[in-house]
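**Q** Generate the whole structure from the sequences, applying the supplied hints.
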Amino acid sequence: MDFAVQRLGKSIQAVSTVPEKYAKLQKFTILPDVKRIGDDGAVSCHQMNYAYAVFYCHDLIGVGAYVVPLVGTRGTKIKAVAVCHTNTTSWNPEHMTFKILKVKPGGKPVCHFLPQHNVLWTAQPHLAMPASDF
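Under full-length UniProt numbering, the first residue of the sequence shown carries the number 1, and numbering increases by one thereafter.
Don't take each hint at face value.
What the hints assert, rightly or not - The calculated lysine-lysine pairs, modelled on PhoX-like cross-linking and capped at a C-alpha distance of 25 Å, are:
{"id": "1", "residue 1": "LYS24", "residue 2": "LYS79"}
{"id": "2", "residue 1": "LYS21", "residue 2": "LYS79"}
{"id": "3", "residue 1": "LYS35", "residue 2": "LYS77"}
{"id": "4", "residue 1": "LYS10", "residue 2": "LYS104"}
Hint data in this document are derived by calculation from the structure and do not stem from the laboratory.
**A** See below:
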């Protein structure tokens, strides 16, 4: 949290991908009501593989962060956190993402979901994510 406050200021919020319940592997559909959160910066914290909670955190500049409602083919609902990297000009042109998406650095935004147990900190909280919001 100290790193997030240092990068984003004191008015911050933490969001994570939240499944309604344990979700077996299934295909998901994006539902309406996608919400943008924060401004153009964020701190992303990825859970590391340790016996206790350890996160690797880094700041993100020029990103859009969103809470995306999903529903699976088995009816599972998830509020997923997505990040869109809007400026990829400084990325390695050989990055696997460009090959998979068939785009070039600095082209279209590159978006992805954050896995469960990862945390995204954003400034200027615009959205609260109560657990009972399903």
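**Q** Now look at each hint and say whether the structure bears it out.
**A** Each hint tested on the structure:
1. LYS24 x LYS79: Holds - the C-alpha atoms of LYS79 and LYS24 are around 15 Å apart, at most 25 Å.
2. LYS21 x LYS79: holds, 11 Å
3. LYS35 x LYS77: holds, 16 Å
4. LYS10 x LYS104: With a Cα-Cα distance of about 36 Å, the restraint between LYS10 and LYS104 is violated, given a limit of 25 Å.
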